[in-house]
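Undergrad: One line per chain: the protein sequences are A and B, in this order. Okay, so the first sequence: first residue is 1 according to UniProt numbering, each after it adds one. Okay, so the second sequence: first residue is 1 according to UniProt numbering, each after it adds one.
If you're looking for bench data, these hints aren't it; they were derived computationally from the structure. Here the structure is a predicted model, which means the values were calculated and not measured. Glycine included, C-beta positions come from ideal geometry on N, C-alpha and C. Keep in mind that the hints are not guaranteed to be accurate.
[Said to hold, decoys possible] According to the in silico footprint, chain B covers these stretches of chain A (three or more CB under 8 Å from chain B):
# : region
1 : 39 to 52
2 : 69 to 79
3 : 95 to 109
2 protein chains.
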Amino acid sequence: MQEVNSALPAGNLASLSTDDLQRFYAAANERYTAFKARGLKLDSTRGKPSADQLDLSNGLLAAVDEAEAKGGGDLRNYGGGVNGLPQARELFAPMLGAPAAQVVVAENSSLALMHDTIVYALLKGVPGSKAGWSTEPVTFLCPAPGYDRHFAICAQYGIKMIAVPLTGTGPDMDVVEKLVAEDASIKGMWCVPKYANPTGDIYSDEVVERLAKMKTAAGDFRIFWDNAYAVHHLTDKKHEIANILEACAAAGNADRAFVFASTSKITLAGAGLALFAASPANVAWMTRNMGFRSIGPDKINQLRHVKFLKDFAGLQALMEKHRALIVPKMNAVLDVLAHELNGRGVATWTNPDGGYFISFDVREGCAKRVVQLAEEAGVAMVPAGNTFPNGNDPKDTNIRIAPTFPALDGVKLAAEGIALATLVGVAENELKKRGLAA
Amino acid sequence: MQEVNSALPAGNLASLSTDDLQRFYAAANERYTAFKARGLKLDSTRGKPSADQLDLSNGLLAAVDEAEAKGGGDLRNYGGGVNGLPQARELFAPMLGAPAAQVVVAENSSLALMHDTIVYALLKGVPGSKAGWSTEPVTFLCPAPGYDRHFAICAQYGIKMIAVPLTGTGPDMDVVEKLVAEDASIKGMWCVPKYANPTGDIYSDEVVERLAKMKTAAGDFRIFWDNAYAVHHLTDKKHEIANILEACAAAGNADRAFVFASTSKITLAGAGLALFAASPANVAWMTRNMGFRSIGPDKINQLRHVKFLKDFAGLQALMEKHRALIVPKMNAVLDVLAHELNGRGVATWTNPDGGYFISFDVREGCAKRVVQLAEEAGVAMVPAGNTFPNGNDPKDTNIRIAPTFPALDGVKLAAEGIALATLVGVAENELKKRGLAA
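Isolated chain A (complex conformation) (with noise of 0.2 Å):
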């Protein structure tokens, strides 16, 4: 790695002089036009599991032989109901907070529950709805910056979302309690309540508990609870949120929350399960509604996880390799970008203790234009917005990185890029609010 720092005029861009601001450009423009010349393809866009996260579970591939196909009622048949296979839900319960009997076993997909849930909603209402939601406008408040696949499932079936401020600890629980109470329209909200995708937080007890027991206006409102990362530790810590079921049970709003997540980072990305879990009532409109769907889920690939996972505990232990693989990736991104980017006033950006994503804030109004000069370095990003409900991000500030998918040496090299990208796209905007060309 060069030494961009030691080579440029130091210190915070907004205070270096003119004279030192046009060389500091000049020299990080020299060295991102380097590093773009070199042809690289890596990819910061998604969540994704490395190779050698995937290959800790080859072993679910033959996990099921003919004999255990066969049994317990015949798994390779229909039928066994929708809630999916017993054994899978009392592995996945403890993972969930919720008894087996509250718990749904389904496809690969927790995104494709989250949308079918909404769906359901719409037509059919949730149970304590009048009718359908799809009747009336329909609201959602996003915590932001959150998973863009999320949002555009909002956007998708005209859903307006309410942005709302993220804390560290969660959302900013002023703003959302005053927004529930006073708008009937707010049906729903978006919650990924530990290591949020990209930020990181992690939901205080009181922040749990405020959102179990806010008087919302509507009287179907429902949380949607992405607990995609529930498992994923980076360190030591380890850490436990409040139990959003029982939190809203104990506040007399027993069926207000949906509570998702799924395998898709634990075994195989592709071919994992998803979770559900909920309160009796909602469990049993959810498998009403899901009955007309389908007759039921894969059940040979939910024994494999069985077999694989064996229990809550091996699927712990498999997490502690998960967590030795991204490490190392996490601590690279970090390294570089503290430093290339420490004292220049240009960025700041999360160190989070678990979850795939680091989440970078650059000067205001410069993140399009950094992920922009990322990609055409050859760093594939995610768009800058995609954070925020509509793609709106109204300081343009925030970008996603992803560090998980490439190799070491990749992660390194990306965040060079993203590091350089950032140097000049910044100083790019320095010169232009004093009103010179970059």
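Given the coordinates of chain A, assemble chain B onto it according to the supplied hints.
TA: Just chain B now, kept in the frame of chain A:
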């Protein structure tokens, strides 16, 4: 098997003297009661493959090794698109009658694909729609008797259903053409075009052409072409029907048909693949909608199918093995029914060239009672009426016999139970007609 016919007064029940009718009823009831006393548990509810049929595809379980799963873009990971594995789309293209580019391979349930297609249509509309279908009343034409789960989706989403008679070569097209021309609320029509569930209808070329050509008041009318039994022949005739996608395109209605199929009754009923084909515009619409729901299907299971079936010839060879297991069961039922019921004027039934069912029509007003009697005698059946929209068989006539799941001895016993229930139920009815108590 006891010789019920030889032990009973000969002839059509309607033409028996009352004396003979009473003796007939007493004798039939005696045999029925003896059957019931055996306390059997027989399953004739659903078109489920038997364990020995499922054994044919045990090779699927270990069909994919680690290297293969990893190969071709790492099928274990996210990605690859919602339309499925290219090799799988190639494999199933001949079965669907569409080029691979117009084929989508999904999860384990074609019912789910049909459900989701209707959901997308209701909430977003289809190509050619001015709005989502749910903004106005929606009607579907339902050739009946038909598949209860099709009708259940309509009922669930408030879609009005109009039953259309079947002729043996498909729906009565005079009725269909008149209805769709006059009523713009008719947005859809269910068709099981070959070896129809339960009647065994094989749509004639004329019917396919008239469906493709007919003028519809709704500009966004769609045929839901559930070709569930496309390769499920039971005779050497191996009927081939006209290609609905080509017929629609030739008629200038390229976007009229959505084609569905699955491998549920080819490989493993609970762990197979669901298939979709349509015009390029419809496929683009479908995959765009699917893309909000999921990142993609389980590609490993798709590769399992490619490895196990190899090609369309391999699939057809497998179907011959299914045929060899199913035909003796079909014949056993037909033998029992002929033996017990011929000449009695109590029922008629089909002798299908393919598919999974015998459609069994008892005397008008007797189906519910016959199913009740069969159930009480230990033969589980789907409720009478289920083969009609809203569970309403206007003549109370149709019963679906599903002979594939039990072993051959069980199939024979179930058929005997159904035959005895029919004799008792219809004799009761005849006695009542004459003002006599059973």
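Undergrad: None of the hints should be skipped; say for each whether it holds.
TA: Results of checking the hints against the structure:
With a cut-off of 8 Å between beta carbons, the region 39 to 52 of chain A has 4 residues touching chain B; three or more are needed, and the interface restraint holds. For the region 69 to 79 of chain A, the assignment as covered by chain B holds, since 8 residues bring a beta-carbon within under 8 Å of that chain's beta-carbons and 3 suffice. Coverage of the region 95 to 109 of chain A by chain B holds. Counting CB-CB distances below 8 Å, 3 residues qualify, and the rule asks for three or more.
Checked against the numbered hints above, the structure breaks none of them.
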